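Colleague: All residue numbers for the sequence shown refer to the working numbering, where the first residue is 184 and numbers rise by one.
None of these hints come from the bench; they were simulated from the model.
These numbers were taken from a predicted model, which means no experiment stands behind them.
Even glycine gets a Cβ: it sits at the ideal position worked out from N, Cα and C.
Hints may contain errors.
[What the hints assert, rightly or not] Computed Cβ-Cβ distance ranges for the label pairs, DEER-style: (1) Asp484 - Val534: 41 to 47 Å; (2) Trp502 - Ser323: 46 to 52 Å; (3) Asp307 - Leu383: 45 to 51 Å.
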Amino acid sequence: MKAVEASGLAYQLLQSWLQAIRETITLLWQFAEHQAQWLLQEVSKSHLLKTLCPCLGFLIRTKAQLTTNHNTDEGRTADGSRNNSTRHEENHATCSCSGREREKDTPLPSQSIYSLFDSDGRMDVFRMRKLVYERGTHPSERKITWKFLFGVYPERSTTEERKELDRQMASQYKWMKHSWKQRFPWAACLTVHSDLELSLAIQRYDEEQKEAEAAKPPTEIHNEQRLPAQFINERQFQRALKDIDADIPRTDRHRTFFQREGLVKLLYLRDILVTYVAFHQDIGYCHGMNDFASRFLETLDNETEAFWCFVGYMRRSAWSFTTMGVRRKTQICEEVLRHVDPELYSHIESVSKEKLIFCLSLHLM
184 MKAVEASGLA
194 YQLLQSWLQA
204 IRETITLLWQ
214 FAEHQAQWLL
224 QEVSKSHLLK
234 TLCPCLGFLI
244 RTKAQLTTNH
254 NTDEGRTADG
264 SRNNSTRHEE
274 NHATCSCSGR
284 EREKDTPLPS
294 QSIYSLFDSD
304 GRMDVFRMRK
314 LVYERGTHPS
324 ERKITWKFLF
334 GVYPERSTTE
344 ERKELDRQMA
354 SQYKWMKHSW
364 KQRFPWAACL
374 TVHSDLELSL
384 AIQRYDEEQK
394 EAEAAKPPTE
404 IHNEQRLPAQ
414 FINERQFQRA
424 LKDIDADIPR
434 TDRHRTFFQR
444 EGLVKLLYLR
454 DILVTYVAFH
464 QDIGYCHGMN
474 DFASRFLETL
484 DNETEAFWCF
494 VGYMRRSAWS
504 FTTMGVRRKT
514 QICEEVLRHV
524 DPELYSHIES
534 VSKEKLIFCL
544 SLHLM
């Protein structure tokens, strides 16, 4: 029976890999057709070889790298595994080096994401995705690219359409946040007992909220939206709020972005998460969501934009945070490890009843 279940899990894992490969090949084929048409129409024969040479060079380098990796893997198999501490130092050095290089590499105007807008402000999303895939996104470009990548902005939207969409989303988010705060006044702010730094941040947050309400009263926000009332299950909301309030004080508070303004941004992070769970009770809150929402808030430095990017991300990845999703990922990892390294699997099984539960953070991230 166990053998049948293992075969089923392995088959499902193989299916997911094949599906990913199939989608990748389709995208590459579409891109190749697009580039071929452009070359034939726009590039003269005298420049055709100059255009193709870098591509050929890239293919040669890729082939050489794959051959090198294959030989290296065979050498590791023959000679045994490397020392763990040495491997960790090498990986850390490589990551640190590439990170520094990426920070220093300011995109040239011809490579910039902003050069992909037409006269009406429409983004060439296909080329943007290609550029992001090839070189990543520069910090100065993430505020715009993330909104396209996570579905906040429609792909063919113009500048004026995005401005109007920004206004609507800001108003809707304020209405959503006001709704749960009005329904549950006791949940409006985080309560701490022995954290002076966070207590001062809460005081500043309260002052900023009063100033915001004075500038635009909640009644104006409600009249703008005219959205139907949202039913919020109080018991479910309380459970989610308890988990959020436990995670917020320990979420990235050491990072410069949160330290710069005395941790008050942590309270805005809390608002993002509470607003999300109040209006997405079918998903609720799971540990790990705070880390993703924190990155959106730090990168975009705007509460409303961070909320909608987080909503877009969760629309695709919510299943990964559910108990069923985490359990499924853990089972697949266990079965793969049992087939790839039976000795290690047996050791983990003998010393831990939870087996690969220590991989939980990796599954979520």
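Colleague: Are there hints from earlier that the structure breaks, and if so, what are their numbers?
Modeller: 2
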